[in-house]
Amino acid sequence: MDKIIELKNITKAFDGETVLDGINLYICDNEFITLLGPSGCGKTTLLRIIGGFAQPDSGDVIFMGKQINDLPPHKRNVNTVFQKYALFPHLNVYENVAFPLREKKVPKAEIHEKVTEMLKLVMLSGFENRRVTSLSGGQQQRVAIARALISHPRVLLLDEPLGALDLKLRKDMQQELKKIQKSTGITFIFVTHDQEEALSMSDTIVVMAEGKIQQIGTPTDIYNEPKNAFVADFIGESNIVDGIMLEDYRVKFAGHVFQCLDAGFGKNEAVDVVVRPEDVDIVPADQGQFQGTVTSVTFMGVHNEIIVDIQGFKWMIQTTESVGEGEYIGLRLDPDAIHIMKKSKYSGMFGDYSSFSSELDELSDPNSEEEA
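Position 209 (the sequence shown) corresponds to 209 in the numbering used here; numbering is contiguous.
Worth flagging that the hints you see were computed from the coordinates, not collected in a lab.
Careful: at least some of the hints might be erroneous.
[Said to hold, decoys possible] Computed cross-link-like contacts, DSSO-like style, restricted to lysine-lysine with a CA-CA straight-line distance of at most 27 Å:
| id | residue 1 | residue 2 |
| --- | --- | --- |
| 1 | K120 | K108 |
| 2 | K343 | K314 |
| 3 | K120 | K66 |
| 4 | K66 | K108 |
| 5 | K212 | K120 |
| 6 | K182 | K252 |
| 7 | K212 | K342 |
| 8 | K105 | K120 |
| 9 | K252 | K227 |
| 10 | K114 | K104 |
| 11 | K252 | K8 |
| 12 | K227 | K345 |
| 13 | K345 | K314 |
| 14 | K178 | K84 |
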């Protein structure tokens, strides 16, 4: 696919605090790309720079081969859908969608044709005369998307547009957005902090933290081959333990030596080892490669989420098997369940489930209420 946007060495600071630190990224035509990361990582600032709502302190924004750093938003072939949809409450659905074309003095017959086409695309045919204030959140979002798409921009920016919707509606809209992107062929750049959202919708995911890109890849690559402990922890659940790469395909951790599929590390190199909770097999204690005591069991619907104490390190395991609190169990790992990562600045910060609570993490995050 052809490159449509290139970001070269983009930096941005607010009040002396660096928000974007040397971002290099290219985005292809007809791609659904997601900027994913926690609050304050810089993903929304990057989106605003692409849209022209903010200027980089240094670096270049290239659109279809031309630098557009100083080009105002209305002159870029880019439209934006915000979390707050910014619909006109005094206008009905038809007029909200038609507004960009009326501003451009498009003939009335052409406006009617295009509005009808857009409302059909977002499944709102028959809603033309409805007041937007009478619509549900999901319907309002569809109106905002139709309005953004009616001018056929080359790129659509979406800044956490599903954040205000309830869980079921979010999942429905995830599928709809992907269908709309495929049917229109427009490049979508989507911002979210929701890992499941990114995994289910994207062609490419850009994982960000502390103003830097940590990893770029397909959802499968990001999940199965995380580059460092931050990515492994942020994308899904992960047990991340200290290990020693004894030699190619042999790693020592949790007091035992395991076969793995990784090579190319130094002999006896200290590494991070990541094991996804769903990749651990529970067996009788005497048949396990290593053993531990179950400290908690949580029923999650399709599986149980259990915490196992292994030499003081709390592992998470997701299983359909029934085990009880206090039970002493064995655990087995196949070689393909073990992924080896080089040590990074994030080593030792993630991976233990001694105090597993996403709500507690949010409460302790000083940036949880604001996005840089």
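Now for the hints, and whether the structure bears them out:
| no. | hint | verdict |
| --- | --- | --- |
| 1 | K120 <-> K108 | 18 Å, holds |
| 2 | K343 <-> K314 | 20 Å, holds |
| 3 | K120 <-> K66 | 34 Å, violated |
| 4 | K66 <-> K108 | 34 Å, violated |
| 5 | K212 <-> K120 | 40 Å, violated |
| 6 | K182 <-> K252 | 45 Å, violated |
| 7 | K212 <-> K342 | 18 Å, holds |
| 8 | K105 <-> K120 | 23 Å, holds |
| 9 | K252 <-> K227 | 19 Å, holds |
| 10 | K114 <-> K104 | 14 Å, holds |
| 11 | K252 <-> K8 | 40 Å, violated |
| 12 | K227 <-> K345 | 12 Å, holds |
| 13 | K345 <-> K314 | 22 Å, holds |
| 14 | K178 <-> K84 | 20 Å, holds |
The structure does not agree with the numbered hints 3, 4, 5, 6 and 11 stated previously, though it agrees with the rest.
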